[in-house]
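K.L.:
Here are the chains, one letter per residue:
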Amino acid sequence: MPDMTEPTDSRAFPDTRPNKLIGQTSTDATISTTTTITTVRNTSGAHIQLADVSKIYPQQAVPAVENFSMDVQPGELVMFVGPSGCGKTTTMKMINRIIEPSSGSIQIDGRDVLSLDPNELRRHIGYVIQQIGLFPHMTIAENISVVPKLLGWSKAKISARVDELLSVVQLDPSTFAGRYPKQLSGGQQQRVGVARALAADPPVMLMDEPFGATDPITREKLQQEFLRLQDTIGKTIIFVTHDFDEAVRLGDRIAVLSDRSHIEQFDTPAAILSRPANDYVASFIGHGAAIKRLGLLPITGVTLGAAAAASGPVTVPLSDTLRDALDALVVSGQGVVGVADADGRIVGSLTVDSISTALGAEVVAPAAGSGATKTER
Amino acid sequence: MVFTSAAADTISLERPSQRTRSRFWSPRRAATPIVIVLVLGALYLWISSIELDSIMQRTLNWDYILLRTREHLILTFSASFLVAILAIPAGIIASRTRSRLLRGTILTVANIGQATPAIGFIILLAIIWQIGFTTALIALVVYSFLPVLRNTMVGLSQIDPNVTESARGMGMTPTQVLLRIELPLAVPVILAGLRTSLVFAVGVATVATFINAGGLGDMIVNGLKLQRFPVLIAGAVIVSCIALLIDWIAGVVEDILRPRGI
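Chain order of the listed sequences is A and B.
Per the numbering used here, the first sequence starts with residue 1, numbered consecutively.
Per the numbering used here, the second sequence starts with residue 1, numbered consecutively.
Please keep in mind that the hints were generated in silico from the structure rather than gathered at the bench.
The beta carbon of each residue, even a glycine, is placed where N, CA and C say it ideally should be.
A hint or two may mislead.
[Said to hold, decoys possible] Cβ pair distances, simulated, as ranges: (1) S26/B to D163/A: 36 to 42 Å; (2) S174/A to S26/B: 29 to 35 Å; (3) A213/A to D255/B: 48 to 54 Å; (4) N212/B to R179/A: 21 to 27 Å; (5) T173/B to D243/A: 31 to 37 Å; (6) I262/B to D109/A: 36 to 42 Å; (7) P173/A to L38/B: 50 to 56 Å; (8) P118/A to T108/B: 33 to 39 Å; (9) I262/B to P173/A: 19 to 25 Å; (10) Y57/A to T108/B: 30 to 36 Å; (11) L116/A to D255/B: 42 to 48 Å; (12) P83/A to F77/B: 57 to 63 Å.
[What the hints assert, rightly or not] Some chain B residues near chain A, calculated using beta-carbon distances under 8 Å: (13) N162; (14) S166; (15) G169; (16) M170; (17) T173; (18) P184; (19) L185; (20) I256; (21) P259; (22) R260.
[Said to hold, decoys possible] Subject to a maximum C-alpha distance of 20 Å in a straight line, what follows is the list of computed SDA-like cross-link-like pairs (lysine to any residue): (23) K221/A to P203/A; (24) K149/A to R180/B; (25) K149/A to V177/B; (26) K182/A to D255/B; (27) K149/A to P118/A; (28) K225/B to L60/B; (29) K182/A to P174/B; (30) K182/A to I256/B; (31) K182/A to Q130/A; (32) K182/A to T164/B; (33) K149/A to L60/B; (34) K149/A to Q176/B; (35) K149/A to E165/B; (36) K157/A to P203/A; (37) K149/A to D117/A; (38) K182/A to G261/B.
Bound-form chain A, shown alone (with noise of 0.2 Å):
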């Protein structure tokens, strides 16, 4: 299980994130938890309201989205999960209306998006989509200061912003901004159509399986880095997958879709994974939905048992999560195992008693605010 191990790292248990913002004033940082809702406020992001919106097809029986309805926090990543076909992706497009809405209303920071004219909205609407869609007769560079052109922004400062956002996304300027797309390996041009999108650091970013074409590995570090970015910049993101690790390992929120993008479910990756509203949404999760649930919990989150208790080689970083811990007990077979500090002094000791107990109590805590599983039908 080393894949969740690094993801999680970066990000730990959502409730704790904001915590986690290194760099920003703790004015930045300010914790809502006047609602289940856990989110950074004050971000660079917008905020989003769905409200009845549906898309019907002429000549189709069956609407491609019905009746939906949702409140996206500034600075929220909110995951769309669902099978292919369940209008997923086609609730996001109509956000940046990409495809109109039928009928219903969407809100950018109370501004009515079907009022305003769709191509300035773009412009101020990132848009990532699979298949990344870079033109293949502009460099890397060209590519990347498109919507700042549009904009109308100087040469100095659009030449200064390709070569910041291509160091955000970890491309030596000097190598790459000269470059055309196809000298460019799927993980790097990914990476380009990120910072493509980011290019007039727009508030709100719609992404469509961003990193569904590219390998496990170049996945999971294009996952790493850009919770990384996400915890800098704090844009409000509507991301959608049919992956719902990947939804567990990125979201602040989950929306769990069945068709005509019904939500059976609207709530944090520990909430859907503890307490899964219905059968559909639990035979979303699949197996092992306590596994995936350990690796949302850090060890730092659990009473640790004595340190003299730790026997054996084996030992687990304090800003690991759980499903490391387990995972390390499960190698060692010695029953317990040493959790050490950064120092690498042993500070305490977990056995899988202990860790069931972690996971008892975090079934028992979303129970006591029952507003945390928000289903709409």
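Got chain A sorted already, so can you dock chain B onto it with the hints?
P.N.:
Here is chain B on its own, set in the frame of chain A:
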């Protein structure tokens, strides 16, 4: 031979870093001009070696040949220029329009233009209208319209829809998508169509002679009528060499204008 290899040397010396430039004179690319020079040289030697009677002398002299060649080229390039400025927009309209009727009409007209034998069309047009350059020009435009129209439509339709969708998603207006994304990406295919229609035009321009519009067709027809085969052969060989040369130049232009990166 000497000329081509010298040119290759200077070019590769000037820009050693650019592989595309240093490969400019590939054997395949060098072959066409060499063949043209050899064939024209052989023709010249052969004509010089035979004794010309007064009838042949009237045709086989530099003034006459250059005049007819100039007429031929003017006709060809004027027609291709008109085709470019008419057929490319027509292709854009045909691929944009939602109206099947309009698209069907454009394609049908262009198809008929090419399917009708050029000689029949040009003579009919001369009978019902007038003889001369303008008539020949119109006939040529109609005849060589289809390749450019077709290729414009194909060039636009083969663009990766994800590329146009992301262009739209970034807030380009439909006109900006067309001018900045679609047309540049369709350039190679459109140019290939233009090249085909240029070569068509060179060949078909020979029939302009029947309606008194000049061109190298005069030489061929004179040679036939007066049974002076050197004249006939000279005319035919020169037209063929012009067609080859234009095709070659168009190929070079295609390579230069193809957007980098695709």
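K.L.:
Mind listing which of the numbered hints don't hold for this structure, in increasing order?
P.N.:
3, 4, 20, 23, 29, 33
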